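Engineer: Residues per chain, in single letters:
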Amino acid sequence: MKDRLLPYWLLIPAFVIVLATTIYPLAHSLITSLRDWDLTKSRRPEGFVGFDNYVYAASESQFLNSLWVTFVFVITSVILTVILAMALALLLRRKGPMHTFTRIILILPFAMSPALIGVSYRFMFNPEFGVLAKGLGAIFPALQGVPWLADPQLAMAILVLTDVWHWTPYMTFMCLGGLASIPRETEEAARIDGASNLRIVFGIILPQMKGVILVMAVLKTIFALKMFDQVVTLTGGGPGTSTETLAYFIFNVGFRWFDMGYASALAWILTAIMMFISIWYVRMLLSERKMATA
Amino acid sequence: MKRNLAYLGERALLVLISVVVLFPIGWMFLTAFKQPRDAYSLSLDFEPTFRNFVTVFSDPWNLGSMVMNSVIVATVTVAIAVPCATLAAYSFSRFRVKARKFMFFLILSTQFIPAVVIVLPFFLMFRQLDMLDTRLALIIVNLAIVTPFVIWMIKGFIDAIPTDSEEAAMIDGASRLRVIKDIVLPMAAPGIMTSSIFCFILTWNEFLFALILSRRDAVTLPVGLVSFRTERGDLWELMSAAGVMITVPIFIMALFIQKHFTRGMTAGAVK
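For the record, the sequence lines run as chains A and B.
Anchor point for the first sequence: position 189 equals 698 in the numbering used here, and the numbering is continuous, going up by one each time.
Anchor point for the second sequence: position 22 equals 49 in the numbering used here, and the numbering is continuous, going up by one each time.
Keep in mind that the hints were calculated from the coordinates and are not lab data.
A quick note: this is a predicted structure, and the numbers were derived from the prediction, not measured.
Check before you lean on any hint, since a few could be wrong.
Which residues of chain B face chain A? A partial, calculated answer using Cβ under 7 Å [unchecked claim]:
| hint | residue |
| --- | --- |
| 1 | L69 |
| 2 | S70 |
| 3 | M158 |
| 4 | T174 |
| 5 | F176 |
| 6 | I188 |
| 7 | T190 |
| 8 | I198 |
| 9 | I228 |
| 10 | I279 |
Note that beta-carbon positions come from the ideal geometry of N, C-alpha and C, so glycine has one too.
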């Protein structure tokens with residue numbers, strides 16, 4: 510009898526934590542999102558206003574702007590990270606002292622605090638004394654005196670750059686794991702038949718990596734949707750609102766303007782987007798696993 | 028000839044990658060040892076100094092208390108999350124409990140809930156309880172991010188352990204808890220260690236929660252970085268010194284688990 514219940518006892522501590530720290534806040538902010546609650550005006554929540562906060566969002570230009578910014582950011586950073594990670598993994602799967610060295614140091618960007626990455630790129634792209642701003646200007650005269658972070662497009666490009674720098678290593682490790690698990694025979698046979706490297710990569714390796722690449726892309730999308738840390742420390746959402754991601758905008762609404770009702774509604778919109786993608790992702794993981802064990 | 032070129036090209040690419048990876052980190056380390064006036068020049072010819080480190084640890088920056096906060100918050104979070112997650116991971120790995128799939132699904136999905144959604148209600152709650160700007164508040168919200176992740180990761184490691192010796196011990200009359208303690212834990216130890224370090228790194232680098240929930244007393248290192256932005260402008264040499272303090276312990280840990288990292292990642296994410 511005791512042993513039959515044991516599996517559940519083992520689950521209880523973790524479940525209590527998950528319930529208290531994620532399910533409860535989710536429910537709480539769902540309720541708050543239906544209320545009118547401006548923290549600067551009242552300490553207690555005011556009346557329920559139905560879906561007013563959501564309706565308001567649909568026509569508010571700053572929210573729509575942040576949605577667009579997030580979309581641009583996610584698309585560029587996911588595509589760049591996945592392609593770079595795949596290329597790096599193909600290069601690094603070979604043996605050799607330089608390959609090993611590169612693999613080892615590759616863990617460093619991933620371990621670095623994203624807030625700090627934002628700070629150090631801001632330093633390096635300072636137009637007056639930033640080493641990258643000056644260095645790029647010296648190598649390419651056309652880039653001399655470019656205002657980098659003061660330019661909307663370039664600020665977005667640098668934000669993407671910091672994220673790609675941070676995430677490519679992790680994704681490369683995932684690719685290396687995937688590459689290690691596909692059989693080498695077909696590839697070797699093709700090589701003996703004189704197939705070119707390009708054909709081997711595109712004709713043999715990539716098709717077998719489809720599952721891993723899909724998992725990577727979705728996982729990276731989920732993380733990119735939450736982009737926040739570097740926005741604070743690198744661009745502050747600027748210039749103007751050109752790098753104001755959704756997570757950063759919600760932060761502003763909630764903790765600069767203290768409009769709790771609206772912030773909760775926005776947070777739920779982000780959650781809904783993420784949930785949609787992550788349910789798809791988890792399903793994919795579980796079916797991959799089934800395939801692997803079958 | 029063609030092979031030689033390919034060989035050289037590959038080496039050149041590897042060097043380029045290493046430079047791209049190491050340069051931003053190296054530049055920060057250099058700046059941390061520069062005098063304020065050298066920090067704004069690109070010259071590599073400067074007299075190294077430890078003064079920035081002395082400055083950040085003294086008034087008004089007091090990096091020491093931020094280091095303490097970061098160490099305590101990360102350590103306690105790991106100490107709570109990892110044991111709970113290990114038990115849950117074992118249960119998920121070995122038993123066919125009712126609604127197992129649903130529960131596992133639930134836990135996996137919570138991993139992807141955006142931090143902003145979690146922090147809004149907690150901010151209101153902690154404000155009511157007068158718990159804003161405390162380490163306990165940070166530990167509680169960090170558990171939200173870390174726990175599902177660690178369950179998933181440790182489950183990957185436990186799945187990889189064969190069940191034979193467990194079954195043999197049970198036939199000999201050992202209880203399940205004994206089996207977990209004497210057989211599973213020692214075998215899963217490297218995996219649990221890797222997951223703990225991973226969890227420590229996540230908490231250590233966490234920014235959003237600490238930015239919102241701390242003001243003065245509970246400020247952690249990543250948030251402390253922002254305080255070097257003053258009316259006089261950004262104090263880069265001090266920021267870099269603080270950056271070195273944030274990264275060095277984490278880099279040591281990351282290199283320590285580097286070997287298991289690929290495995291842990293693929294076990295957790297791809298397998």
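Engineer: Now look at each hint and say whether the structure bears it out.
Structural biologist: Structure-based check of each hint:
About 5 Å separates the beta-carbon of L69/B from the nearest beta-carbon of chain A, less than 7 Å, and the hint is met. Look at S70/B: its Cβ only gets to about 11 Å from chain A, farther than 7 Å, so that hint breaks. For M158/B, the suggested interface contact is broken, since its CB lies about 14 Å from the closest CB of chain A, more than 7 Å. For T174/B, the interface hint holds, the least distance from its beta-carbon to any beta-carbon of chain A being 5 Å, beneath 7 Å.
Contact between F176/B and chain A, as hinted, is not supported at the beta carbon level, the nearest pair being about 11 Å apart and thus beyond 7 Å. Violation of the interface hint for I188/B is found here, the shortest Cβ-Cβ separation to chain A being roughly 16 Å, above the 7 Å cut-off. At its closest, the beta carbon of T190/B sits 15 Å from a beta carbon of chain A; the interface hint therefore is violated under the 7 Å criterion. A distance limit of 7 Å between C-beta atoms decides the matter here; for I198/B the minimum to chain A is near 14 Å, and the interface restraint is violated.
Hint status for I228/B: holds, given a least beta-carbon distance of 6 Å to chain A, under 7 Å. Against a cut-off of 7 Å between C-beta atoms, the interface hint on I279/B is violated, since the closest Cβ of chain A lies about 10 Å away.
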